[in-house]
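Enquirer: In my numbering, the protein residues as written are 1 to 194.
In case anyone wonders, no lab produced these hints; they're calculated from the structure. Small disclaimer: the values here were computed from a predicted structure and weren't measured. Treat each hint with caution, since some may be false.
To be verified - Ranges between beta-carbon positions, derived for each pair:
#1 Gln144 with Thr37: 41 to 47 Å
#2 Val42 with Arg99: 26 to 32 Å
#3 Glu129 with Tyr103: 18 to 24 Å
#4 Asn102 with Asp151: 27 to 33 Å
#5 Gln91 with Pro182: 16 to 22 Å
Stated by the list, open to error - Derived EDC-like pairs: lysine to aspartate or glutamate, alpha-carbon spacing no greater than 20 Å straight-line:
#6 Lys128 with Asp93
#7 Lys67 with Asp93
#8 Lys67 with Asp118
#9 Lys67 with Glu129
#10 Lys128 with Asp118
#11 Lys128 with Glu159
#12 Lys128 with Asp66
#13 Lys128 with Glu155
Yeah, the Cβ is synthetic: ideal placement off N, Cα and C, and Gly gets one too.
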Amino acid sequence: MLDVRWIFLLGLAGALLTILPAFDQPLYRQQPTPGPTEQEWVDSVFATLSLEERIGQLMMIRAHSDKGPEHEAEVAQLIRDYHVGGLLFFQGDPLHQARLTNYYQQLSPNLPLLIGMDAEWGLGMRLKEHAISFPRQLMLGAIQDNRLLYDMGAEIARECRRLGVQVNLAPVVDVNNNPANPVINDRSFGEDRY
Numbered sequence: 001m002l003d004v005r006w007i008f009l010l011g012l013a014g015a016l017l018t019i020l021p022a023f024d025q026p027l028y029r030q031q032p033t034p035g036p037t038e039q040e041w042v043d044s045v046f047a048t049l050s051l052e053e054r055i056g057q058l059m060m061i062r063a064h065s066d067k068g069p070e071h072e073a074e075v076a077q078l079i080r081d082y083h084v085g086g087l088l089f090f091q092g093d094p095l096h097q098a099r100l101t102n103y104y105q106q107l108s109p110n111l112p113l114l115i116g117m118d119a120e121w122g123l124g125m126r127l128k129e130h131a132i133s134f135p136r137q138l139m140l141g142a143i144q145d146n147r148l149l150y151d152m153g154a155e156i157a158r159e160c161r162r163l164g165v166q167v168n169l170a171p172v173v174d175v176n177n178n179p180a181n182p183v184i185n186d187r188s189f190g191e192d193r194y
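Let's have the full structure, built from the sequences with the hints guiding it.
Expert: Right under this line is the structure:
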């Protein structure tokens, strides 16, 4: 028979052997050797730009994926000539827009274009027959379920990312102070500015 002391010592040794490896880990996770910070990267790229290129980076131009080759050539020429910083897509279809986005990005090899879209109620706002339209802002202002609103925003963001859109110019925070206004109307969350 094993003595009680031996059982205790074996148990203590087993416990120590299981927790000792934890003490071998550094108290704080070691950080990798830092590369240039984001700001340093931005500054280094900015320093290489001419004044014309810097001004061009402030511009976003309108682009459509349903206007044909003449419009596409015009957009391409603006990218080449003026070093525009981004594109704002409007009407068209998603497949052609994705192809155009890739094409236009190739025309700006040193600085990627910022791709935006005005998709307040989803891609269906601009890609009418080809994408889902979610409820408009007036309906969203009436919904009392924050989780549902969050999920809708997350889905619109997912769809934008799949299409290569980095900036959705939404939501628009307009106040519907004139219900007869055909532009704002249901694009507003409501009449109450608070």
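Enquirer: All hints are to be evaluated individually against the structure, with a verdict given for each.
Expert: For each hint, the structure was consulted:
1. Distance hint check for Gln144 and Thr37: the Cβ-Cβ separation is about 43 Å, which falls inside the suggested range of 41 to 47 Å.
2. With their beta carbons about 29 Å apart, Val42 and Arg99 fall inside the hinted range of 26 to 32 Å.
3. Separation of Glu129 from Tyr103 is about 23 Å and conforms to the stated range, judged on CB atoms against 18 to 24 Å.
4. Taking the beta carbon of each, Asn102 and Asp151 are about 29 Å apart, inside 27 to 33 Å as hinted.
5. In this structure the hint that Gln91 and Pro182 lie 16 to 22 Å apart at CB holds, the actual value being about 18 Å.
6. This hinted pair checks out: Lys128 and Asp93 have alpha carbons roughly 8 Å apart, not beyond 20 Å.
7. A distance of roughly 11 Å separates the Cα atoms of Lys67 and Asp93; the hinted pair therefore holds under the 20 Å criterion.
8. For a cut-off of 20 Å, the pair hint linking Lys67 to Asp118 stands: about 17 Å separates their Cα positions.
9. As the CA atoms of Lys67 and Glu129 are separated by approximately 16 Å, the hinted pair is consistent with the 20 Å bound.
10. With a C-alpha separation of about 13 Å, the suggested pairing of Lys128 with Asp118 holds against the 20 Å cut-off.
11. Our distance criterion of 20 Å between C-alpha atoms is met by Lys128 and Glu159, whose separation comes to about 14 Å.
12. Of the pairs offered as hints, the one joining Lys128 and Asp66 holds, with about 12 Å between alpha carbons and a cut-off of 20 Å not exceeded.
13. Distance hint between Lys128 and Glu155 is fulfilled; the C-alpha atoms sit about 17 Å from each other, no more than 20 Å.
The structure shown violates none of the earlier numbered hints.
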